[in-house]
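Number of protein chains: 4
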Amino acid sequence: MIKLTDQILTETIRKRPLDSYKGTYGKVVLIGGNHNFGGAIIMASLATVYSGAGLTTTITDASNQTSLHSWLPEAMFADINDLEQLTQLVLSVDVIVIGPGLGTDAKALTVLQLVLKLVTLKQTLVIDGSAITLIANHRLIIPQTKYTVLTPHQMEWQRISGIAIKDQHPDQNWLVAHQLGATVVLKSHQTEIYTDTKIYQNTAGTPAQATGGMGDTLAGMVGGFCAQFANQDNAVLAAVFSHSAIANQLAQCQYVILPHQISQQIPQFMAKYAN
Amino acid sequence: MIKLTDQILTETIRKRPLDSYKGTYGKVVLIGGNHNFGGAIIMASLATVYSGAGLTTTITDASNQTSLHSWLPEAMFADINDLEQLTQLVLSVDVIVIGPGLGTDAKALTVLQLVLKLVTLKQTLVIDGSAITLIANHRLIIPQTKYTVLTPHQMEWQRISGIAIKDQHPDQNWLVAHQLGATVVLKSHQTEIYTDTKIYQNTAGTPAQATGGMGDTLAGMVGGFCAQFANQDNAVLAAVFSHSAIANQLAQCQYVILPHQISQQIPQFMAKYAN
Amino acid sequence: MIKLTDQILTETIRKRPLDSYKGTYGKVVLIGGNHNFGGAIIMASLATVYSGAGLTTTITDASNQTSLHSWLPEAMFADINDLEQLTQLVLSVDVIVIGPGLGTDAKALTVLQLVLKLVTLKQTLVIDGSAITLIANHRLIIPQTKYTVLTPHQMEWQRISGIAIKDQHPDQNWLVAHQLGATVVLKSHQTEIYTDTKIYQNTAGTPAQATGGMGDTLAGMVGGFCAQFANQDNAVLAAVFSHSAIANQLAQCQYVILPHQISQQIPQFMAKYAN
Amino acid sequence: MIKLTDQILTETIRKRPLDSYKGTYGKVVLIGGNHNFGGAIIMASLATVYSGAGLTTTITDASNQTSLHSWLPEAMFADINDLEQLTQLVLSVDVIVIGPGLGTDAKALTVLQLVLKLVTLKQTLVIDGSAITLIANHRLIIPQTKYTVLTPHQMEWQRISGIAIKDQHPDQNWLVAHQLGATVVLKSHQTEIYTDTKIYQNTAGTPAQATGGMGDTLAGMVGGFCAQFANQDNAVLAAVFSHSAIANQLAQCQYVILPHQISQQIPQFMAKYAN
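Read top to bottom, the protein sequences are chains A, B, C and D. Residues in the first sequence are numbered consecutively from 1, following UniProt numbering. Residues in the second sequence are numbered consecutively from 1, following UniProt numbering. Residues in the third sequence are numbered consecutively from 1, following UniProt numbering. Residues in the fourth sequence are numbered consecutively from 1, following UniProt numbering.
It should be emphasised that the hints constitute simulated quantities derived from the structure, not laboratory data. Fair warning: there could be bad hints in the mix.
Chain copies aren't distinguished; within one or between two, either way the pair holds.
To be verified - In silico DSBU-like links for lysine-lysine, alpha-carbon gap of 30 angstroms or less:
| no. | residue 1 | residue 2 |
| --- | --- | --- |
| 1 | K166 | K15 |
| 2 | K107 | K27 |
| 3 | K3 | K15 |
| 4 | K3 | K117 |
As the structure is a prediction and not an experimental result, all values here were calculated from the model.
My request is simple: use the sequences and hints to build the entire structure.
Okay, structure coming up:
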């Protein structure tokens with residue numbers, strides 16, 4: 001297992017070329033946030049925008065429009081019940097993040113199935129939270145994409161992989177990740193990342209992160225990094241490491257870290273590693 | 001009467017174990033915030049989340065969904081009129097905080113009665129504000145729980161204890177607290193805490209705290225501390241002392257302290273005492 | 001004309017007694033903010049709460065509930081269309097601020113007439129913005145109160161006093177103020193204050209304040225100071241001077257000052273003068 | 001091509017006269033923000049108010065009222081569907097900014113056509129984003145005004161000028177700008193400004209600005225500067241340069257800059273150049 005260090009940041013985060021524009025840094029849609037879990041998609045969207053994605057649209061329940069914009073006028077809004085608009089948006093982007101606060105009801109399932117049908121070989125797909133549970137429960141097929149990332153915590157990984165938490169050993173995990181055709185970010189206090197060919201372990205992180213919404217923030221960061229950096233494996237690894245390294249910094253003077261505080265630190269953190 | 005000092009903080013606030021996750025730090029629901037008093041449940045929820053509770057859900061009037069998330073995407077939302085969802089949520093948590101901004105109308109009474117019926121011997125119950133008044137006015141029975149906290153100000157204590165404000169002496173107060181089977185946080189400029197066996201007096205605090213919402217913030221902190229720290233007496237004492245000690249710090253350069261400012265300082269404050 | 005200096009602050013802003021609670025610092029209602037001008041009543045409410053009023057309720061159009069609480073969970077909300085609730089609230093407070101963003105339509109007139117009828121000899125009444133215009137246009141009688149303050153700019157003063165802007169000289173102004181039975185804060189780049197017996201001129205202030213919402217903020221500060229400090233003349237004078245003195249501080253490094261920035265500085269500013 | 005430097009700031013940003021009031025600094029309406037793109041008009045409005053405009057009203061979809069006021073109580077709100085109110089507001093102001101987040105549907109077209117009909121020879125008109133696309137697609141005539149500014153990015157300039165991006169050379173661009181009777185701010189990583197008689201090139205700016213919403217912020221700044229400074233050419237040039245120069249400052253420690261962060265720095269930035 002390869003230990004992740006900040007070397008992944010210097011390898012991944014590139015000084016931006018002068019002759020670039022917002023299109024250079026990718027288009028992202030985030031899909032999630034039902035009537036109860038609107039905060040999840042807000043936190044994920046904050047992470048995507050503060051990571052530097054070029055253009056971000058958040059597709060969520062209409063009741064979350066105003067709170068999204070109260071945090072983030074930078075994100076465009078679309079109503080998750082308007083499937084025609086959702087279809088057009090999904091087809092137009094580089095990266096799709098689905099799952100934060102999506103819920104697991106029939107409506108969520110419909111949206112997820114539609115997105116899995118729409119996604120193309122030119123797109124990166126990040127599957128998080130309830131979307132993982134829905135895939136597991138309804139035995140949905142993860143489609144061929146340019147690149148797919150799953151970000152389960154251990155219970156979600158049990159559901160989708162069939163491996164009980166106590167049996168989640170690296171070899172076994174990698175095998176299933178490989179079968180799923182996806183990079184797997186298996187979240188725990190020592191998050192492991194299973195790419196097509198390697199296994200990595202995160203060395204940063206702090207128990208001050210152990211609070212609701214941290215995973216949503218990570219999913220959004222993965223989306224934002226994948227939108228900007230060509231090497232998708234490195235983008236995922238750099239997002240995971242940055243997320244924890246920022247937390248480590250904040251934990252020097254905070255007992256608990258709120259997820260939105262991590263997002264607000266991303267631009268300053270990345271600046272230190274851009275070469 | 002035992003004088004509370006910051007010793008209670010070093011005894012209570014523990015360095016978080018590395019191998020922990022959000023479930024380790026407890027699930028909390030906060031119930032309150034009608035159409036008029038939405039700010040109260042927002043302030044209480046801020047306090048719970050910034051105290052470090054693992055997972056927080058706020059059950060409130062639908063008109064407060066957006067302002068809740070504008071402050072706190074970290075909290076999940078549930079509509080207080082959906083009693084079925086409320087039932088499921090209440091049954092699933094470690095700590096229930098009821099009262100901030102709940103109001104005293106028929107709907108509030110229905111919700112309170114339901115919660116008092118649902119709460120189990122495995123749960124901590126924090127009863128604040130209008131919930132105390134409702135219990136007093138309707139002579140509701142406080143149920144058996146793992147641990148119950150009442151956080152009345154002096155007038156609310158008069159209502160529920162039957163002791164007029166001028167007669168609220170420690171011995172008398174302790175007797176009624178004991179009969180109620182609850183720890184009582186009797187709020188005044190020198191807050192007293194009546195536990196099962198002892199009486200404590202808060203030594204921190206400042207008149208700069210004398211503004212609406214301070215009690216809501218305290219109730220949320222009590223909930224957040226009880227969710228994390230096994231010794232429930234100590235959790236309550238540490239929450240009360242922290243609330244005032246943070247205020248003392250802020251009062252060095254503020255004439256008045258807004259309740260939400262206290263919550264925002266909790267993570268930094270707790271970090272100084274974690275051992 | 002007496003020049004106002006920061007001496008008024010040391011005379012007015014008192015060190016808070018230890019044995020005090022939120023009731024000690026007054027109850028305030030602010031009434032205003034229609035569908036278009038919701039920001040005005042938010043700015044006024046921010047000023048009242050950050051000034052240190054004990055308990056603040058904002059009565060405004062229902063469409064402003066969420067944005068009010070997004071800024072200020074500390075303020076309670078009431079719907080301006082619920083005249084019964086408005087009546088109860090108005091009768092229960094020490095200070096009433098009416099006008100910021102109220103508008104001048106029939107509904108606004110109804111509300112203003114009701115408030116003018118309800119106000120008692122035990123209450124302070126602050127009349128600002130559109131409420132002044134409505135009084136002028138409909139020749140409403142300003143009722144007897146404990147203390148009444150009008151905060152017109154020069155055009156509003158022309159409307160209510162009948163004195164054209166070019167003729168607004170101190171003697172003439174004082175005479176009309178006296179007839180109206182009110183303290184008049186005549187806002188300009190050198191604001192004048194006409195009390196029952198004296199005329200003051202503000203010496204602080206900066207053109208960086210010349211932006212929409214400054215007057216709403218001042219009205220809220222007057223309300224907050226009158227709620228706390230027994231000498232109502234001094235409370236008004238101290239509010240006017242503080243408002244400008246904070247602006248002067250901010251103008252040292254800002255070309256323009258946003259009204260909400262003034263409110264956020266009030267607690268720190270007042271702390272320097274509390275004796 | 002004249003290189004823009006901070007000399008334009010010292011020439012343009014004037015120390016405010018003591019004897020001034022909000023009317024001195026201009027009235028602005030911003031029109032845009034449909035159900036999906038509400039963030040765009042919020043960002044533009046932030047830029048206008050933080051630039052120092054005297055009085056700002058935002059005409060937008062009703063679903064954006066609350067998020068606008070959550071950022072900016074200083075801006076008044078009007079519903080874009082109320083064309084009568086829109087008409088009155090447009091007729092009453094010095095500067096009209098139309099386009100940010102307006103969209104290109106039939107409703108947007110109706111509003112744009114109405115505004116183009118209403119605008120007078122005493123008003124400055126700033127045309128941005130979807131308004132440019134609508135003018136191009138529907139061959140609308142840009143009316144005679146006191147001063148008109150177009151702020152297209154290269155693709156929008158292609159649509160309205162008929163010049164393909166690869167052929168957008170200064171001489172050709174200037175000719176079309178001249179025919180349109182407008183100052184053109186052609187946005188790219190080296191933004192060019194075509195005034196009636198000269199061509200300027202921005203020398204500030206950073207790829208950290210390459211994120212959605214930057215153009216909305218610039219449009220709002222152009223509106224805010226035109227409202228305050230008599231020389232309209234200089235106002236546009238100073239707005240463009242300030243926007244990028246603030247970004248340069250922030251980019252010293254941020255990998256990406258969020259548009260709203262630029263607005264929040266405007267008052268401090270302008271203060272350094274006011275003479």
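Outcome of the hint check:
{"no.": "1", "hint": "K166 <-> K15", "verdict": "between (42 angstroms within a copy, 26 angstroms between copies)"}
{"no.": "2", "hint": "K107 <-> K27", "verdict": "both (25 angstroms within a copy, 27 angstroms between copies)"}
{"no.": "3", "hint": "K3 <-> K15", "verdict": "both (25 angstroms within a copy, 25 angstroms between copies)"}
{"no.": "4", "hint": "K3 <-> K117", "verdict": "neither (36 angstroms within a copy, 51 angstroms between copies)"}
Violated hint for the displayed structure: number 4, the only one.
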